[in-house]
Amino acid sequence: MQSYNYKEIFNNNLWVNNVVFAQMLALCPLLAVTSGATNGLGLGLITTAVMILSSLLISLIRPLLTPQVRIPIFILLIAALVTIADLAMNAWLHELHKVLGLFIPLIVTNCAILGRAESYASKNPWFPAVFDGFTTGLGFTFALVVLGGFREVVGSGTLFANASLLLGDSFSMIELTLIPDYRGMLLVVLPSGGFIMLGVLLAGKRLLDKAKVKESSHCSVE
Amino acid sequence: MSIISEKIKKTHAYPALLMGVVSLLVCSLLLITHQLTAQPIADRQREDLSKLLNQVLPVEAYDNQPLDQRYQEEFEGQSYLFYRARMQQKVSAIIIFTSTSGYSGEISLLVAIKADGSLSGVRVLSHTETPGLGDKIELAKSDWILSFAGLSLTLPDLTGWAVKKDGGEFDAFTGATITPRAVVKGVHKTLQLFQDNRAFFLEQQTDPQASSSPLETQHSEHIIKDALVDLTEYRKQRSYYAEL
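Chains as they are written, first to last, in full-length UniProt numbering: chain F, 1 to 222; chain B, 1 to 244.
I should point out that these hints are in silico values taken from the structure, not numbers from a laboratory.
Ideal Cβ positions, reconstructed from N, Cα and C, are used throughout, including at glycine.
Please note that the accuracy of each hint is not assured.
[Unchecked claim] Only some residues are given here: those of chain F computed to face chain B with a beta carbon under 7 Å:
1. Ile73
2. Leu76
3. Ala80
4. Thr83
5. Ile84
6. Leu87
7. Asn90
8. Ala91
Chain F extracted, bound-state conformation:
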């Protein structure tokens, strides 16, 4: 029986191999949604939920799959899960659906989910698969919130605007206006600004990783 290093999976999916910052996957929903941190958080959470369920389902039917039809089956399952999530949210979480409804179908086009299904869930038992889906989703949420927050602060001078719509009124205190009377920077709010900001963040991550490597090599020399 293979043993699983969950700490490594966690670390890998959240930082080292982050879907956005390292694998550069799922950029289409990413750039469409991250005009603000709140939207990013919402889409991230739904994607995580879909990812957990799809990983679970796919690892459960793993013994039945054959190489010829595995991809169509993954896509069928993911699309069905997204549609169910869309309908269920519309019915029972209507306020949230009004904010995020537009973006939910984008989850189907999220290659990160298919990627995890193909490269992990279809090769591992259900618990590690679910854990992998969960952490990958968290990594995606993290990327969305960071990029969204960054664009929101620079683009419109606020952070987590409208968060109470997403999380309920008790969260209205996290809605911040960092720069009062800010005229806004339109470029950053538009999709092209998303690319630029993503580039800046990627460079930032590289620098951080480089600094880390230097530090550790420095220690070993001593």
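Could you slot chain B onto chain F? The hints should help.
Chain B only, in chain F's frame:
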């Protein structure tokens, strides 16, 4: 650990069967979810609509349930959806869905017009204008859209129904003239439409059913045809009386 032996998996029929079974399961799952959620979704949408209605029309202005009956009518080749708000059986206002083309696509509007031809309220339902510039037509971003309340075809006059840049009375936004221009034009067009078909919208006739065709009866075509014939008759009569 294989439930199905490799031998069966190797056959040509297996992948096709697997695909078929999975599709069938997925479809039934979707059908069940749809069945379960259809009613709650319809309820929520109605709640949304009635909230929207209360934004453009004060509750005191009507005593019926305007949303119970939806009407659809074609004017100049374009189909319009609308609701009639009534006060003591008489139409006190109409709430009409309309659209206008903005800078980067359709802007759909909800316009409430009182029986006297003045605007009760206007809201933008959806648009794809530039965020930060054109999106000030949303109430969430700016209260510009509120400036329409109380206006009518005569207030301001025809030249006033334009943005300031074009010599009219409406403010335009910095960096976005086309969007407010489109909204002003769209609202004006709707007012004009109401003015031109006033009798029809207000059901100023003895038999209220004959003047319009509620959507519910749309399947029975002859009813609509009859209604339309009645309507043209009625319009003729109206103009005749007007001349008197």
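Now for the hints, and whether the structure bears them out:
1. About 5 Å separates the beta-carbon of Ile73/F from the nearest beta-carbon of chain B, less than 7 Å, and the hint is met.
2. Against a cut-off of 7 Å between C-beta atoms, the interface hint on Leu76/F holds, since the closest Cβ of chain B lies about 5 Å away.
3. This hint holds: Ala80/F has a C-beta 4 Å from the nearest C-beta of chain B, less than the 7 Å allowed.
4. Checking Thr83/F against chain B: minimum C-beta separation of about 6 Å stays under 7 Å; hint holds.
5. Given hint, Ile84/F at the interface with chain B, holds; its Cβ is 5 Å from that chain's nearest Cβ, closer than 7 Å.
6. Look at Leu87/F: its Cβ gets to within about 4 Å of chain B, closer than 7 Å, so that hint holds up.
7. Nearest Cβ of chain B to the Cβ of Asn90/F: about 5 Å, under the 7 Å cut. The hint holds.
8. The interface hint given for Ala91/F holds, since its Cβ lies 4 Å from the closest Cβ of chain B, which is under the 7 Å cut-off.
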